[in-house]
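From just these sequences and the hints, can you work out the full model?
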Amino acid sequence: MFFFPLSDDNTSRTKPYVCYALIVICCFIFLWQNALPSNLYQDAIYNFGVVPAALLGDQQGPINPYLTIFSSMFMHGGWMHLIGNMVFLWIFGDNIEDSMGHKKFLFFYLICGIFAAYLQALINPESTIPMIGASGAIAGILGAYLILHPKANINVLFWIIIFITVVKVPAFIVLSVWIISQFFGSTGGVAYFAHIGGFIAGALLIYFFKYPHIELFQKGNTNSFESSNLNLDGFFKKRKQRDFMQEFIDTANKKDKN
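Residue numbering for the sequence shown follows our numbering, beginning at -1 and increasing consecutively.
Treat the hints as calculated values from the structure; they're not laboratory data.
Don't take every hint at face value.
Simulated pairs of lysine to any residue, SDA-like, Cα-Cα distance not exceeding 20 Å [said to hold, decoys possible]:
| hint | residue 1 | residue 2 |
| --- | --- | --- |
| 1 | Lys217 | Ile162 |
| 2 | Lys102 | Ile212 |
| 3 | Lys102 | Ile21 |
Shown next, in the form of structure tokens:
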């Protein structure tokens, strides 16, 4: 089974300018990474990634290991790594930014990333393998989202063999599946404890960062687990792309009803 969140039903009062900026910066740095020759690419990963042995031990890296905590948040190891993180930031980040304001959101994002890096380093302090990616910081956003909007509907793309549809699923289920996958994930090279650390940090810090009038555990939307009539205008600006994806979803839903 494959499932992937496409959007949520939460609207934001303000434009998530920090989310936009983070996405642009991460994409720009990823393009820069991939424009480097292979030897310089590996050097960049090692130089700007978080190396636990350098962060907590005596091993000396080429730059200050504390600075790598920040530089590593904007680097990614591949297209799927980048796309997955940016989609989650796009879907969940706007509501968290809206709940606390632009400046506080940036600090919140960075603090979650710091907490994530340190937890992973503490779990494996002798590791010389560099850690890169925004996953820890974005996990903090997911933790905060679970505390603020546990019952919000997430439009999720489900793909089981030949069955494909988009269904509204409560956020607490989507994020619970994500949490479980972190404990039982077996893919090598993934810093799962960084994800867990970021998630815990976000869930705890949201209380101190949110505006006073923002309620915790807000009520969600209705019609969970129904096929979603998803408006794709916000995802695909070009008409051909939008029409193709809408036709794809409509066809899948018709097959499901038959």
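**Message:** Given the hinted pair lysine 102 and isoleucine 212, is their Cα-Cα distance within 20 Å?
**Reply:** holds, 14 Å
**Item:** Restraint check for lysine 102 with isoleucine 21, where alpha carbons must lie at most 20 Å apart
**Value:** holds, 17 Å
**Asked** Going straight from one Cα to the other, do lysine 217 and isoleucine 162 come out at no more than 20 Å?
**Response** Status violated; Cα separation ~29 Å.
This entry does not satisfy hint 1, going by the numbered hints stated previously; all others are met.
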